[in-house]
Amino acid sequence: MSEQILEALAKLFALITRQDGGATEVERKFVIDYFKKELDENSVDRYTLLYDTEAEYGKVQENKEISMKDSVRILGFCKKINKNLEQRQKVIILVKLLELVASDKSDKKFTPQRRMIIDTICQAFNIKDDYTSIENFVFCEDSAILNSNDILICAPHNRLLPPDARYLKVDDVRGEIIFKRIPSVDLYFVKYLGKDDIKLNGFALGHGQTNLFPPGSTLRPAQAVGKGFSVYYSDVAGVFLESSQTVKISFTAKDIEYRFPNGALGVQRMNLSETHGKLIGIMGGSGAGKTTLMNVLSGIEHPSHGEVLLNGYNMHTQKADIEGTIGFIAQDDLLLEDLTVYQNLYYNAKLCFKQLSEKEIDERVMTTLVNLGLDHIKEIKVGNVLNKKISGGQRKRLNIALELIREPAIMFVDEPTSGLSSKDSQNVVDLLKELSLKGKLIFVVIHQPSPDIYKTFDKMIILDKGGYLIYCGHPIEAITYFKKKTMQADAERWSENPEEMFKLIEKEVVNEFGQETGKRQVLPTQWHEKYIYEFPFEEVEKINEKPPSSLSRPNIAKQAYLFTVRDFLSKISNMQYLLINLLEAPLLAFLLAYIIRFQNHPETPDKYVFRYNDNVPAYILICIIISLFMGLTVSAEEIIKDRKIQKREQFLNLSRFSYLFSKIFILFTLSGIQTLSFVLVGNAILEIQMGLLLSYWGMLFTVSCFANMLGLNISSMFNSVITIYITIPLLLIPQMILSGIIFRYEKMNKTISERGTVPLLADFMVSRWAFEGMTVNHFMNNSYQRDFYDVDRDKSKYYYRLEFWLKEMEKRLNSAHDQHKAEKKTDSIRKAMKNNLELVKHEIKTENAHLDLLKGFDWEKALTPSNFNDEAKDKIKVYLDTLALRFNAKYIEASQKADERESKIKKRRDKKYSVNKYKDLYSNDGLTAFMMNAEVQDKIIEQHGKLLQLSDPVFNEPRGVDNVLDYRSHFLAPKKHFLGMYFSTYFFNMVVIWLFTFIFYLTLYYDVFKNLLDRLGKIKIGKKE
Amino acid sequence: MKKLPYLFTVFSLFVFLFGACTQEKTGGDIDNEEKKNNEKTPSGPAISIEVINDMVKSIPSPLEISFLIKDIEIKYDKTVLNAAENAKKYNNDYQRALNLGVYSTDLGYANIYEQTQDALFYLGAVKEMADALKIGQFFDFNTIKKLASTRGNLDTLLLVTTKNLENINDHLQEKKRPDLTILILTGGWLESLYLTCEVTKKQPNELLKTRIGEQKIILEQLLLLLSFYEQKNENIRNLISDFNKLNKIYENVKITYKSDPVVTKEVNGQLVTEGGTTSEIQLTEEDLKAVLETVREIRKKVIG
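Going line by line, the protein sequences match chains W and F. Residue numbers for the first sequence follow the numbering used here, beginning at 1 and rising by one. Residue numbers for the second sequence follow the numbering used here, beginning at 1 and rising by one.
Next comes chain F alone, as it looks inside the complex (with noise of 0.2 Å):
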């Protein structure tokens, strides 16, 4: 008699306790909403990989700019940079890339002051990254460590990295996933150039502002190629939009070219971008102030 109302209660409790953990929506149920509202597929970019790769590799590298600054005699200052700790934040894949870019140019920043310790951890960071990417493979750890905690590398560790990105280029877009290299290289590119912002804000400079200035054509090409993918990813439809506010104000920015466009090519094992002294930039102080607070408002989005 007693038994009854407590196998019961027992057994209602059970059911409870299961319709509990089933109750609330998962992820893949909001995918599937997603599915009967909107049946579009993701297509690929309409641009030939060939052509996206080569445009890719005419993006110069975050470190050169690490060199310039250091160059002008600025002191080190590592609260400008992306804290490492922040790499526990990045959730996704959007995220990752362009933070792994950020990280290799902290990485280098630091590197380039000899901060062997900060270096260490941009170098964790960017570890976490790169294998939350999957593409931790194609980073050269233990050489990366040993060259960044050792002073006077600094050249080898340009080539390392570049051709790690090369590398890891070759594999995305084996892998069909040009998009996280470009992703990778514009958030690269976005910190370099918040770098010198920064830099140029505290102590003006006419070469970095020139720098800064010539930026324009790099983001022109940037935005090309992330246009590519507007179509399937909202992250990067959002990038474009806040990229297309700083290209606005690098429209007032007159280049007038003297001799050929930028290129980069490897002199004495040092990869070098050429062409960039021999143009002459207009940018007045206004828009350099404007295009250093959208860089920075943007960067502060992309790090989270």
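So that you can see chain W by itself, here it is in the shape it has in the complex (with noise of 0.2 Å):
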């Protein structure tokens, strides 16, 4: 207290006891004895003299008015106080004067002018409707007068009380205890009117004295009688509030045990049992198996054995029934770091109550900050630990709001006041404790409490190492029963301070230099069976009734709105992220489109000519790898970060769909936003025609949420950032290996890659499928080619026919024929010459447009090593020569229409055209020749019996499949084949990635990844928590 509220005081003392014939002895010692009690010795000296001066004590007092001045004097003073006290100290400053109004019992001198000072007092402070009951309770000498429901009598029978005041059954106690509740202000004080020496919290208590009973106080007798009694504050607090307690609520754990994946037990077999209104501290040594009880208790793990039910339904079983019922604050903070504490708030309020409206929703939120003191920093960013807006025990305060705004029955909270101050460890258990008394059942893991926090507990569970339970009662008791066990001198002695009881818990033998030993005097299974033997298992009693669910979720389709809107909110309320996300796309376009614009051209080296510009099949690729880094990256840490949330947001059981759907909408978008800035600026500065932007574009931003999507599913499957982030790469790079450009398909490892074929591995790619799709598409929809790429490709189907293929076939039927002719067959010739024809057969099926010229000779038959021969062979010969014509004359219309293609456009579409023009500003001659295959040195070659063109992939349109399903091609194939319909590559391509993108959100649905990551994880020997 500062000493300008102790001078007021004094003085406030003073001037009431000066009244009506001055103080009298008893009354100055009643001061000295609460300045004593306050204050040091030298001080009391100084404060007595001072209440002496002003109280004039010796003199005798007149009976007189109140004096002007007296009274501006006392206002003065309530003034002082009033700027410097809370309402609660007001009132014990009140109930103080009080008291030394009434300690002068002789006389009586509560006389009109110290009541007027008093009111006057009252008046100053605000203490209006509380006063007169306030009165009543200081004065009375019999609780008979005390008919109110702020009253509670402690007695060991109920007769003869008021019929309004509470009651609390205590045996052997002579008298009564009474106990007065403020509850404007949440006080409670407490009278003893009997003979017995009562101690409270250790100190004697005066008989007819009233005295404030703080949280965490007990009284019992000084001497105990028998068993004696114990009167906590919680009991006096829960006989209060029970009238405000609607849920009941029985929850019990039997004979649960909990073992680790690694088959280590970390919770042996206990039972526990709870009432509601109860605030239950979970204490042990490190590796005690804290948090893995309360996990068991919460549901979130399955015990290996036993059961927990909370009225009679099974928490791990039965979760849809006792839904909504439980509340988990995990001892992270589970926050949404870029929002504000009051939209953490509200969205979290949303998802709950769908009944409730906007003003209600408002409101509640309103009312919880401000039951949590957290109203005045509602706008302020919640920050990380790093980067710190609210300060700890606010974060704290927050998370328990969270939870709090749904008021659950159950609540488990993991240790609320590791890193915070004495202050805020304080402020959160009594908001804890709070919750208690209005009925919730709260089990909080608790590490090195202070004794102030300690004693608050209704109760302490004590674990031992490895998961023992080794005491459950009374935290106080417990020190007392530890002490008893280790047969401590001073067992008797009250001490708050849990450390010492640790201390005996884990001393150990000491050898004969003093040294401890590193053994236990007592072991974890000893104390646990002195404790079984001490305290048998009580169970509470059994309540039926469905534990009530605080709970009432929008559909999906508002929790995927809410969830999008406040994913929304927390990104564009991080700067950093966003501008990050959006510049980084056109930032890298530009460092690579910029780099990589060559100036080419053969007669004006200066001069940027897109045509002969060498990188662009490169710059596709980078293109597909840059979406698929920005994809993987923006999304890889989307889950984890909210796993947390998640943690918690799991016993509101909201739709995973909702959840899904949000950050997928969210990432999309993003994904959408960024591909095109990319696209835009590096197409614009590397002049790739502009009607190509879109399907840059879309086959980007396919890639980009595929990525999204492979980063969610990473993202949900690992436990740490650090893993996700080395992941990408082992993605990644197959990605580039396997793209199809950096490494030809055909300069493969033959295991994986057959010439003339994609590999399988590489289907697996979308950088494959991707880059295919849009060189592919730029090189036929370009405005140059796309006039030129019909004739540009029967050209080239009929040159290879012509040069390649007639001559293969023709190569093939003479060595079949020689074959045939030859004298002596050895089973190598048979088998050469059964190859050769079954190939001419094979392609002459493929070549089937001119199976006309085949009428009437059973060709088929005749092409078996069997029938074959002179007659045969000249047919097919026949047949070829005059598929040679046929070609010859289709190659002389394909290049006369090539010819005059240019000078038809020019006169029918534009008469500026020129092929040089368009040739210059679409096509790219790099790009030209990586579709041309142009490096190929054997054109044609044979592969399972069939003939394979390498020459010009794009222009080969797939024929022959093999069956309805065959997707596969060729590489750069211009056309796809699925289920007997031809589609053009960029849309075939596309679906193929959107299809793994569906896929991978099944996957991401069914969290089939970490499930499998978890069974992999079972078989290793894992770590213990």
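Worth flagging that the hints you see were computed from the coordinates, not collected in a lab. Quick caveat, the model's predicted, so the values are computed rather than measured. A few of these clues could be false.
Pulled a few chain F residues facing chain W out of the computed Cβ check, cut under 8 Å [what the hints assert, rightly or not]:
{"#": "1", "residue": "K88"}
{"#": "2", "residue": "K89"}
{"#": "3", "residue": "N91"}
{"#": "4", "residue": "N92"}
{"#": "5", "residue": "D93"}
{"#": "6", "residue": "Y94"}
{"#": "7", "residue": "K134"}
{"#": "8", "residue": "K175"}
{"#": "9", "residue": "K176"}
{"#": "10", "residue": "E230"}
{"#": "11", "residue": "K232"}
{"#": "12", "residue": "N233"}
{"#": "13", "residue": "E234"}
{"#": "14", "residue": "N235"}
{"#": "15", "residue": "R237"}
Quick reminder that beta carbons are idealized off the backbone N, C-alpha and C, glycines included.
If you follow the hints, you should be able to join the two separate chains into one complex; please do so.
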């Protein structure tokens, strides 16, 4: 207390006592006692002197009206006090003043003057409503006059008690212990009317004296007679708050035991049974299994044996029935860091209560904020540990608020005070206490609590190493219990310090040199046995009504909407995140495109012409890789970041679809923006035809969305951010290797790749689908090639047929004929002949448009080793020659069309059309060379009895599919076959990537990879907690 | 609720995307229009391939003129040649064939002057044209390259080139594309005529003037050959009309033969055109000037 206040108090005391005949000895003694309690020896003298002077002690005062001067001075002191003290403290002062007046019982000096002064003070302090009842309480000497429900009377029986007063049965007490509650400030005062010596928190309670009964207090007789009695604060408060309790809970854990995946026991078999309105602490050294126990109790972890019942419902198997009754506050802050305090609470409330209107939600949020003293920081962003915006205590309180707003019947709180200042810790625990008094059952894992916090608990569960339950009961009793069990001399001495207790529990055997041996004097199992022996398990009365759910979830769509808005707000409030994500793409595009804007014009070296920039195929690949990269990085942390919040929200049982939808929606939107800005900048710098912009964007967006989904998968799969980021290259590098451009498919290890086909492995790479789709689309659909694709394709097709295919066919036919003619047919010759004939047969079949030439000739039969003869050879030869003529005619037709195309376009479409201009602007030599596979030496090869064309893949339309499901074709094919239809490569590949994305959505939804990983993890020897 | 508009947007975006890809008219459409309007199918030449073949063989090698130019000690002038970089500009077989001829002449010209670097450039251009015409396999580029980069192998080079041309001719005949051979020859001839004209302009020379006058005969032969394909190919039609202009000027040129008509024969492994010197050419200065201008104009069109 500050000097100023003490001074004011001393003077107030003096002013009151000097009225009506002056201060009496008794009154003076009371004042001095008070000072002694509050102050040290030296100051007591000083303030006593002050009091004496002011009260004019010793002088006999006349009975007269209060002087004007005194009145003004009283108001002055009150003002001073008003400025400095909280309302509860003022109430305490008022009670003190009343006590002072009441102290002198001899002559009942509660005269009108004194009453007036106290009235004035009450008014100044703004204590109006409670005054009369306080006065009654302080002055009463018989409980009979205290007929109010703010009164609690403790007695062995409830006869002759005022009807409205509350009653708490306490045996072995002589007389009555009376408690008075002052609801406006939530204070309790105690008064004992009886003849025993009773101690309040170890200090003697004076007869008839009014004393403050602070949280955690205990009343007990000075000398225990028989069993003695204890009255705990929680009992008292519990009785008062009973009327507000509507929820009845029985929570029983029967024979529970928990085994870690590696087989070690985390929780040894134990029984617990609790009822509503209790604040229960769980304590124990590190590794004692506190958190594990709580996880089991709260239903997160399944016990390996036994069951946990809440009002008869199994917490683990009947989750649906108890939905919404459980609140879990993890040790970590489960806050959305980029949202304000208000928003955090608001969206949480929105997700819990569909029936409440916007106004009601707001009211509820604000009430909760005010209750937790967070209202003044409601617009402040939560921030994270490194970038603190609100204090640790406020974070904790907000965490509690998130659960509190829902008012679950049972709450589990994991180390709410870790890392908090002692004041914040006290606040948080007080808050929990208050909740428990309102009827909640609260389990709190607590580590190294201060004595004040320790005694706030109603019950303490103490665990020892290995998950043994060694105590469950009143916290203060716990200390005594362990003292007794370890034969401590001062076992009966009041102690509030839990540290002492742990020292006793873990006391080690000392050797002859006085050194600790590391061996426990009492092993955890021994403590456990002692406990079991001493405290037999008592189950609380089972309550069978369904626990009330405070939850009414909005529907899936509404949830999705709320998640999306919440996530969106969270993202836009993080400037750094937003800027990086929005600028990353155009910046990279600029960097990339500017660097590779290669001026390679053959005549004017400084002029940039798109056609001569050799870097275009590589540019397309890098676009894809960057899209993958951006998509992955932006999403990889999404779910892991939310995992904590999800841990909390799992008790709300919110829709996973909605949650994922919000993630996906936001990520896809972001990807859309990123890829669009990327292609806008990149393509503009490289002067890629604007008409292709959409197709570029479409594919990159597709790729980015795929990457988003992949990122979400890994995000939900692993449990640390670093693992996720290590995984990214693991996913991306194969995409580069198998993209089809860095390494050509025909130059890969033969075990994974065959010439002329795309390796099956590459079919799992989106980079390959995207790259193929984009390059083929760019090549075929640029404004130049669009006009020439058909003729170029036909020229390429018939040229290949004429120059390579027909020649090869003829060669095969001839060698088959030679083999047929061979004098001595060895097995190898026969085999070679069979091969040749089969190849010829297959190829004729494939070239099915020209089968008319073989009408009336059973060529299929003739082309078998047994039936092949000169005639067959001749007929086939004629067929091939005719085919040559046909192909040649087609070829000529195509080239002539090509020759005339420019002039035709000029005539019919655009007078200013010029092929060279179009070529320069829209086509690209580098890309063309790539699409034509220009490097390849052998244009035709044999594979599996088929002839494969390696040249001009982009003009080579797939033919001769094996079955309707055959989607495979050579790389860079212009069309794709599936289900008997042909699709444009761009479209087909895009659909393939979306298909991948969808599959990954399913794996994400069902958490396939995480389950897989967990299963793998179970095989290994896992670490203990 | 929120999902539907989103899906719809994505869907319509895709529709738009693919719509955009197929809206514009492609080359095939243009041909289809053509077919609707004009059901004419291309017809082959009315004259037999053998005849054409013989006529083709009577066209002199363009290399000859280069020898002549060098003999009268005129300096190498690169600027009159068709730049090798132009090779990229030729987009259709008509242009490629003509310019294959042009570049062959330029290659010979550079080679005769022992301009190895330029010769290699032209060799590249020739290769590019030949590859595009799918007749690259008839050029023995490695040999030509070797010859072109060492001096004093002109005779061999001429022989190889001629041989190559013959092979090409045979191949194209086989593939029913004699028109391409004719275009190659035309290009080569046009380029050598142009070079001669350029030189004459700078340094008037009787011999060259006679040579220019003599080309009247060749032009007539070429016109005849080209006329076989006039119907089929619009480009050739245009070329013929250009050549007709030149022919008009040549009408003023009078040639009085003293002995045999022009024949090309092989003497000691070297191709020589005989008979030219035995004719008398009457070519006025104005006509020469007109020929010069017209040739330049036609050649400009050809090389683009």
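Subject >> Hints that the structure is at odds with (numbers, increasing) >> reply: Violated hints (numbers, rising): 10, 15; every other hint is consistent with the structure.
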